[in-house]
Amino acid sequence: MTEFTLPPKQKKTPWQKMRPYVIGIILLAIYIWTFTSIEIRWSRVFSQHTIESLTRVIPQLFSPDWSAFGKVMGLMWETLLMAYTGTLMAAILAIPFGFFAARNMVKNKFLNTASKWALNAIRAFPELVLALMFVAAVGPRPFAGVIAIAIGSIGMLGKLYSEVIESIDMNVVEALEANGANKIQVLFYGIIPQIIPEFLSYAIYRFEIDVRASTILGIIGAGGIGTLITIATTNRNWSEVGLILLVIIVVVTLIDIISAQIRKRLV
Amino acid sequence: MIEFKDVSLVYPNGTQGLKNINIQINPGEFVVVVGLSGAGKSTLIRSINRLVKPTGGELLIDNENILKYGSRDLRKLRTKVGMIFQNYNLVKRSSVMKNVISGRLGHTGTLKSLFNLYPKEDQALAYRSLQRVNIADKLYQRSDQLSGGQQQRVAIARVLTQQPNIILADEPVASLDPPTSHQVMTYLRKVNKEDNITTIVNLHFIDMAMEYADRIIGMRAGEVVYDGPVSDVNEATFEEIYGRKIRDEDRVGGSDDE
Ligand SMILES: Nc1ncnc2c1ncn2[C@@H]1O[C@H](COP(=O)(O)OP(=O)(O)OP(=O)(O)O)[C@@H](O)[C@H]1O
Ligand SMILES: [Mg+2]
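As they're listed, the protein sequences go chains A and B.
If you read the first sequence in the numbering used here, its first letter stands for residue 1, the second for the next number, and so on.
If you read the second sequence in the numbering used here, its first letter stands for residue 1, the second for the next number, and so on.
Some hints could be false.
Said to hold, decoys possible - To give an idea of the chain B side of the interface with chain A (calculated C-beta under 10 Å), a few residues:
#1 ILE23
#2 ARG46
#3 THR161
#4 ASN165
Unchecked claim - Simulated restraints on C-beta separations:
#5 A/VAL129 / B/ARG93: 36 to 44 Å
#6 B/VAL10 / A/ILE23: 47 to 55 Å
#7 A/PRO7 / B/SER175: 26 to 34 Å
#8 A/ARG265 / B/LEU74: 49 to 57 Å
#9 B/ALA174 / A/ARG265: 30 to 38 Å
#10 B/LEU74 / A/ILE196: 27 to 35 Å
Honestly, the hints are just simulated from the structure, not real lab data.
Predicted, not measured: the structure shown is a model, and the values here were computed from it.
Cβ coordinates follow ideal geometry from the N, Cα and C atoms, glycine included.
Looking at chain B on its own, in the form it has when it is part of the complex (with noise of 0.2 Å):
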């Protein structure tokens, strides 16, 4: 479970980015974060894992206060949160395989991890990941030579070999098309699913956010301004969220083409 009580985060130069935070995510949910542009979404998500680090209250995740981990604690942290980004991130001139392989990093010895001496079930796990999101065929390509959503989807199976309880993915559709981001979205549902993995992702778009969703977040200006079961939501609480009208560009439109 993850707890946030009372957190707050003022970036050095003196953005508020949280204000007085009081969430909790429990194990397995699916949790949407919508918010204008600026609103603190990314600064949430980056929280959970530390990369970000903020500067009050409290972050429990299993009952233990993350912000005041030192360094071997927060690598063993996040060992057990997995992270998915917009721009994918992969090392591009390495092959998909050793990608997704680096998922073990954290659980494997710093010699071993260098000599590429992984454990059979490591190999195995990385493989399976990888035929878990349909893209097992592209094992030794250079990961600079797929597509866009065929990245993400690497990007998926390498966060998938670490064997998280938590997934962070910030606006990880963005740079999709609309057919290709309904499918990133089904395949992060299904493993949310399958694995029991609490899932939280940012959106910008409403028609997806209400599509994948178990549960909406909306921020403003750092602070939550809502927070509740996707069946409560409509086009009037989105409004309220985003303080104006909705317009056509929130909207992804578009559905699952598989």
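Just chain A, with the same shape it has in the complex (with noise of 0.2 Å):
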């Protein structure tokens, strides 16, 4: 027979063997809670007026209007445009950020903690809120949305650029260094070449966020294909919202298949 000897059991205190179920109970209670609080009226939700409306509503989304069709492509494409230069800005404008906040390139803790915090602060917007605020800013128009998706693609292009300069090989930067090139040199030469693949990357995987997003800004005013939703919502055109729909399903479906194509190329 053979020895062997099992390794040794991880020491656990008393808390760290309770605490998963501790957690457990309280998300438990947590959803009993709920669910008795928000008092659901059944009886409307599968009422007869419930039923004989999507009866009505489904078949009618289901036989999309193609007379339309003209207008929902030329507000898509508004929708993408929306989204590109959006996700552009934000692609350029975040780099700064990015520099700063990686910690092997700015020595300065200062610095990299208040970049790191204010690009977390910028991600806790979504771009519906932001949108409204900008509609109010600078009124129902395109140009709205598209300072909505920049300054919220900056927060997690910001993030994602920093943490991609962290991961940089620095020998290759101190062998720069070594021959007697400059900051600069160092830049073009060591750095760019590690890092452009994977900020275009992001950028990319960005944009299809952002065309996502940028679909149903409309619907607060701030232009694309989201204000035909509302329009066609408020007089009951289920035809229209149908084709709205399959374009919004089709278009972004080919963007993600575009993307994730250039993206498995790049890096």
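Quick one: dock chain against chain with the hints and give me the complex.
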């Protein structure tokens, strides 16, 4: 018989042993509490009225009104342009944030932390909230949507950029410094080649997200296809809503596929 | 000529990297620095191009104390001192040519280098350097597509393109197998002889040190404990430097297969 010794058991304090159960019970309590306190009126959810509306609406959703195709595509195009402009602005503006937040570039704890906090603060705002603010500030125009997208994306891109920068091979930087290159040369020869593919890849990924986000911005008047959704639903023009949804689904899927292909090739 | 005059280095955390080093290295010499891990070999080599800054004494290169240099003088010094690293430190996504021409960065204006406007002589020099280490056929390949030995040869070509007076090599073969190690050492040795470049190499392996060095410097705990021509060195010398018996793993074995 071969001798074997089991690895020693990891030592756990009583609290560590209890923790999963305590958390589980707290979560369960929260669920029960919410469901008992919100008073869903099931009789209304499944009322005759709802069923009648659904049987009226759903068939119309599935028979899109192709006469509106030109108008819908025009606004979808505007939506894409909004997303593109917003992402592009963010992709560029996030670069300085990324460098300031990266500990291996700016050796100043205060600046690092300050930029990381700024990026986190920006990320805390949903696009919709930003868009509401900008519609109020610049009026109900696509420009409001573009700015909302741009600012919303800076938070995420800046953070991802800083992580890319922190993961580069600093030995390469040292090698270039060791042969007498100045700071700008080190940046262009040693750092940029290491970060460009990831930066591009993240920017394209963010464009995917922004296309989806900008389809709904129109609902609050910030431009794009969302405007049409509001109009069509208030008019109960369900077959036009059907067409809009179809166009959004097809375009968003196409963009996801293309972007995935490009990103696969980049890195 | 490189002169260490009572050079000491204490790292910020209090570790004594170098202790009262007094050595002179003459132009064209091929010096191998040996010692156990942590003995201070890297610290010694990296002082010469000021990747680390000694905290005491004087370090003279061609009679100038480089410890007094500001950043401008430092860059000028570094254009004349090439460095080779254990992990090659090439820009992996850039082509071999781009890596090699980056040896000229210190000699080229910022704008020119950003737009790749290198003079014809520099381009020719880069190509010639690649030919000298027999890797010119990989010119436009991405450097991460090369093997370790090939990457180290590209790193040598990059240093040659610098046209340095001094080459520092910190464990240049520690990541390579024995035949490739010998090949890389042979190229370093060849360049040293042909161009009369002072070469200082850190090595772990005693047989390799004996085979390529003109002179051996032994270090222990931040001090130079041996300094002499390779002809005076034998196994007992190494046992003295290492402070223990020589083991099998201190030898790389094998020899040049070319
Ligand atoms: N940046 C640093 N900060 C603090 N201590 C350091 C630093 N670099 C090296 N040391 C210490 O200085 C001493 C000498 O290190 P050095 O790297 O010069 O040794 P070495 O001879 O090159 O060793 P190895 O063969 O492992 O590369 C070691 O004790 C090491 O821990
Ligand atoms: Mg070392």
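Check: Taking the CB of A/ARG265 and the CB of B/LEU74, does the distance hold inside 49 to 57 Å?
Finding: Hint violated: Cβ distance 41 Å, outside 49 to 57 Å.
field: A/VAL129 paired with B/ARG93, Cβ distance criterion 36 to 44 Å
entry: 39 Å, holds
Hint validity - B/ILE23 Cβ closer than 10 Å to any chain A Cβ
Given a least distance of 21 Å, the restraint on B/ILE23 is violated.
Q: Have a go at the B/ASN165 hint: is there a Cβ in chain A nearer than 10 Å to its own Cβ?
A: 13 Å, violated
* With 10 Å as the cut and Cβ atoms as the points, is B/THR161 at the interface with chain A? -> Given a least distance of 9 Å, the restraint on B/THR161 holds.
Could one say that the CB atoms of B/VAL10 and A/ILE23 fall in the range 47 to 55 Å? 50 Å, holds
Holds or violated: the 27 to 35 Å window for the beta-carbon distance between B/LEU74 and A/ILE196? Holds, at about 29 Å.
query: That 26 to 34 Å hint for A/PRO7 and B/SER175 (C-beta), does it hold up?
result: With Cβ atoms ~32 Å apart, the hint holds.
TODO: Could you say whether the range 30 to 38 Å given as a hint is met by the Cβ separation of B/ALA174 and A/ARG265?
DONE: 35 Å, holds
- prompt: Does the CB of B/ARG46 sit less than 10 Å away from some CB of chain A?
  reply: Cβ of B/ARG46 sits 9 Å from chain A, so the hint holds.
Of the numbered hints stated above, those contradicted by the structure are hints 1, 4, 8, listed in ascending order.
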